[in-house]
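In order, the protein sequence lines correspond to chains A and B. Just so you know, the first sequence maps onto residues 1 to 196 in this note's numbering. Just so you know, the second sequence maps onto residues 1 to 196 in this note's numbering.
In short, the hints are calculated from the structure, not lab data. Just so it is clear, the structure is predicted and the values come from calculations on it, not from any experiment. Don't take each hint at face value.
Identical copies carry no separate label here, and so any pair may be met within one copy or between two of them.
Calculated pairs, SDA-like style, for lysine to any residue (alpha carbon to alpha carbon, straight line, at most 25 Å) [as the list claims (entries may be wrong)]:
no. : residue 1 : residue 2
1   : LYS181    : PRO106
2   : LYS168    : ARG100
3   : LYS168    : ASP86
4   : LYS168    : ARG3
5   : LYS168    : ASP5
6   : LYS168    : ASP107
7   : LYS16     : ASP28
8   : LYS181    : THR2
9   : LYS168    : ALA76
10  : LYS181    : ARG61
11  : LYS181    : THR20
12  : LYS16     : ASN155
13  : LYS181    : ARG3
14  : LYS181    : GLY77
2 protein chains.
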Amino acid sequence: MTRIDAQLAFLTEACKLKSTLRATTLCDGSRRENSGEHSWHIALYAMVMAEHANRPINIDRVIKMLLIHDLVEIDAGDNPIHGNHDTDAMRAVELAAARRIFGMLPDDQARDFHALWDEFEAAESDDAIFAKSLDRVQPVVANLETGGGTWPQYNVTADQLQTRVGVKVERGAPAIWDALKARIDAWFSNASPSSE
Amino acid sequence: MTRIDAQLAFLTEACKLKSTLRATTLCDGSRRENSGEHSWHIALYAMVMAEHANRPINIDRVIKMLLIHDLVEIDAGDNPIHGNHDTDAMRAVELAAARRIFGMLPDDQARDFHALWDEFEAAESDDAIFAKSLDRVQPVVANLETGGGTWPQYNVTADQLQTRVGVKVERGAPAIWDALKARIDAWFSNASPSSE
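The shape of chain A in the complex, shown without the other chains (with noise of 0.2 Å):
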């Protein structure tokens, strides 16, 4: 197989992420979202957001590992984040995922793009950190404009949304979560009065 039909290959293998659903839906609410869409989504959220980033970031590097990061779900699926899994087994399987599907690539290009989902997922660095802030925050987006969208269906609290999300997108990017933080507290505070 010469260079570029291994590179064919893989872009064709790579059409399968968008037949992988999510749980968010459309901002309309219309149909559930797939990765494939998801992926562009965040991609133009980075390249729109860039200047809130809170620490100096490379905007090019951090939408080429929102351009790849979602792959491995063509093998593993999409776990939502409110929901419940075994996350060394599912740490496994995306780790088999990412050498099958980058493995698919000239040897420099699988080794380049590995690498920088193991990047996007370690969340160290300034790039990832960014990256992981917009793919936290994007579904909320999508829960606002949809009435509360998968909320109500995990029975998601306040408390877990700034625990397992809100603290996420602080990490890399603060000044989108203040913008949104009276947007959730609304709904929150609409949806569970007893809470109070």
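Given the structure of chain A, go ahead and fit chain B onto it with the hints provided.
What follows is chain B alone, placed relative to chain A:
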């Protein structure tokens, strides 16, 4: 409205691109592709295929161009390359859409995004020519994966494919067209034995 609120409103508006359907299907033929997931897919094409540009390009600009290239379709819809359109009328609708949609952003970003979209549409810079090559070639791969895909429906001939698509792909990425040529020729010679 604060700067960040305007950016969030733009990003929520952008979500509608996931509901714009294209003529082409997914690579498994299961359903029509939408313009959001298409935008992700060709940004990934750019990331993988950058080395096949026939002139020096800035791949980071190409990726950004591809992320925003179809946003006007939120208002204007998708216009299949093999369909019949009033080109001038379509251009006017798309221009109004660009003003409205990019105009939701803060002024500096609105200008930058609109300029990047103009550059893509003009298809004169090396970055835009390469971006257009990828935009044209991805549906060809999907059609080849699905037994001709939309070609029979639009009665596309081998000559039309070469004129409408091949020439444009060859302008920016001749190596990719070369790699597909044998598969394309095989499909058309099987589909139209009477034309031989």
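Results of checking the hints against the structure:
1. In the homo-oligomer, the alpha carbons of LYS181 and PRO106 lie at most 25 Å apart only across protomers (21 Å), although the nearest pairing inside one protomer, at 45 Å, exceeds that limit.
2. For the identical chains of this complex, LYS168 and ARG100 are neighbours neither inside a copy (29 Å) nor across copies (33 Å), given an alpha-carbon limit of 25 Å.
3. In this assembly of identical chains, LYS168 and ASP86 lie within 25 Å of each other by CA distance solely inside one copy; the values are 20 Å within and 49 Å between copies.
4. In this assembly of identical chains, LYS168 and ARG3 lie within 25 Å of each other by CA distance solely across copies; the values are 22 Å between and 39 Å within a copy.
5. Taking identical chains as interchangeable, the C-alpha atoms of LYS168 and ASP5 lie at most 25 Å apart only when they sit on different chains, with a minimum of 20 Å there against 39 Å within one chain.
6. Taking the shortest Cα distances, LYS168 and ASP107 never come within 25 Å of each other, neither inside one copy (33 Å) nor across copies (29 Å).
7. In this assembly of identical chains, the alpha carbons of LYS16 and ASP28 lie at most 25 Å apart whether taken from the same copy (24 Å) or from different copies (8 Å).
8. In this homomeric assembly, LYS181 and THR2 come within 25 Å of each other (Cα to Cα) only across copies, at 14 Å, whereas the closest approach inside a single copy is 51 Å.
9. Taking identical chains as interchangeable, the C-alpha atoms of LYS168 and ALA76 lie at most 25 Å apart only when both belong to the same chain, with a minimum of 23 Å there against 37 Å between chains.
10. In this homomeric assembly, LYS181 and ARG61 never come within 25 Å of each other (Cα to Cα): the closest approach is 28 Å inside a single copy and 33 Å across copies.
11. Taking identical chains as interchangeable, the C-alpha atoms of LYS181 and THR20 are never at most 25 Å apart, the minima being 30 Å within one chain and 31 Å between chains.
12. In the homo-oligomer, the alpha carbons of LYS16 and ASN155 never lie at most 25 Å apart, since the shortest distance is 30 Å inside one protomer and 27 Å across protomers.
13. Taking the shortest Cα distances, LYS181 and ARG3 sit within 25 Å of each other only across copies (16 Å), while inside one copy they are farther apart (48 Å).
14. Taking identical chains as interchangeable, the C-alpha atoms of LYS181 and GLY77 are never at most 25 Å apart, the minima being 30 Å within one chain and 34 Å between chains.
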